[in-house]
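**Q** Protein sequences appear in the order of chains A and B. Those letters in the first sequence? Residues 14 to 311, by the numbering used here. Those letters in the second sequence? Residues 132 to 314, by the numbering used here.
Read the hints as simulated data drawn from the structure, not as lab findings. Treat the hints with care, as some may be off.
Which residues of chain B face chain A? A partial, calculated answer using Cβ under 7 Å [what the hints assert, rightly or not]:
id, residue
1, F172
2, Y176
3, A283
Just so you know, these numbers come straight off a predicted model, no measurement behind them. For glycine and all other residues, C-beta sits at the position ideal for the given N, C-alpha and C.
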Amino acid sequence: MTSIEDRLRHLGATVATPPLPGPANVMRRGRQRRHRRRALGLAAAAVVATGSGAAVYSLRQGDPVSVRTAEPDPTQPEPEAPATGPRGTVEGEPNLRVVPDVVGLTVADARTAIESLGLAVSARSGSDAGEVVGQDPAAGEALHVGRSVTLDVADLDRPRNADGAVIRGQLLDGRGWTVGSSAAHGLCVTLGPSDLGCDDIGPVIPPGADPATPRKGADATGYAHPTTEASALAYAFLPAGAETVELVHDDGRTVTDGLVVEPTERFWAMPIEPGDNPETAVYRDAAGGEVARFPIDG
Amino acid sequence: MKPGGIDFSTWYADERETVVRSLLVIGGDPEGARDAVAEAFGRAYERWGRVAKMASPTGWVYRVALNEIRRRERRRRIESRLLRRRPAPPAVPPPEVDPDLWAAVAALPPREREVVVLRYVADLREREVAAVLGISEGAASAALVSARRRLANALGTVTADPPPPPPDPATTATTDTEEASAP
């Protein structure tokens, strides 16, 4: 009798696959993404930080940039073919429903998704515009029709950039992040969909402090999600007069490649990867002159 | 590009089939799986200097591709609800595939489906599976045990004897006394 494991391996080998783009096509796609970022005129600093390092991102102030939000491209056509996973029901159990994954959605969207299955919603706090940062039961678990899914809601106001867009971006591994603020947490970075928000990451600016106040050194930089993940978020606040940040190693190597995210006031952030640890953050003005430099503290 | 000795074209050509097969079994539709693969590998090329040096560039691609699929799926579910569209019926599995196993895998909870496919279809080690999904190794192990058990129960067959997890005095010991035995 063939084992489950062998059958799974064979299952993978026999699945019919759609035609895939060739290497040249994929590489062109990657180059186009890179050019699109550079064409926006952003001096991005890519930093790689381990769990103990701090890293810095920057974006030239005033650029109305919105790169890679956590939401899908609205111009993409809806896929026609249905997924092969279960569609909210449990086979053979007409009164059970599969709890959907709603972390990262607004409460309003989460309600729609959950209530349409015949389940109820119990939100622990926050308004319908708040973001779901946790759910119980977890996605994929079975629940009887009529029972409640409890939602943890991030009670955050959303700082917005000069164009009025909510500040959000995307880590290199695809997870979305947003910036929120509240009386309790101050200004903080939240990662979705499975992270717990400000309580998990910690405040970037303490409650009551002014985000526009020039900040120095370790206070000005930080990173979110301090684990050995494939990517994390680094952020910085620029001192007055500075418009860009670059990250410099002690041997003079400069890290300037990377992604860019929506700026607000003097807060900059961008996704990073573990590994490389620049030692110094150099802040430059619009002309490229050095405004300040600070060691990046671990 | 050839930093770190790995050539992107070769690596992509070697890996893309397995990645898309895994995504299809996890539950992406063919178009979604293809787009997720193109997007993930495109991003890998975009930053190939760094990705090539990672312990598992392929693991990174799985992570990005799964996020892409989840995002599309989430959006599609919301939109079909908002537009009061009837959810599409489940796709018929391809004929050459083991239909009972296909259905049993499709019926797994999402986390268990992902771990079992990443482990046995994508052939990643448990530690890589945990890293791709952003969960602890313990959670990945537990999900794998549960998934194998569910599949065995659904199919009335046995699992190969998995090695027991290393004893951890902080948790209660588990024994597979409930493993289904072959009829």
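**Q** Can you verify the interface hint for Y176(B): is its Cβ closer than 7 Å to any Cβ in chain A?
**A** 3 Å, holds
**Q** Report holds or violated for the interface hint on A283(B), using the least CB-CB distance to chain A and a cut-off of 7 Å.
**A** Interface hint status for A283(B): holds (6 Å vs cutoff 7 Å).
**Q** Would the hint on F172(B) be counted as holding, given a Cβ-Cβ threshold of 7 Å to chain A?
**A** 5 Å, holds
Figure legend: structure checked against the earlier numbered hints; every hint is met.
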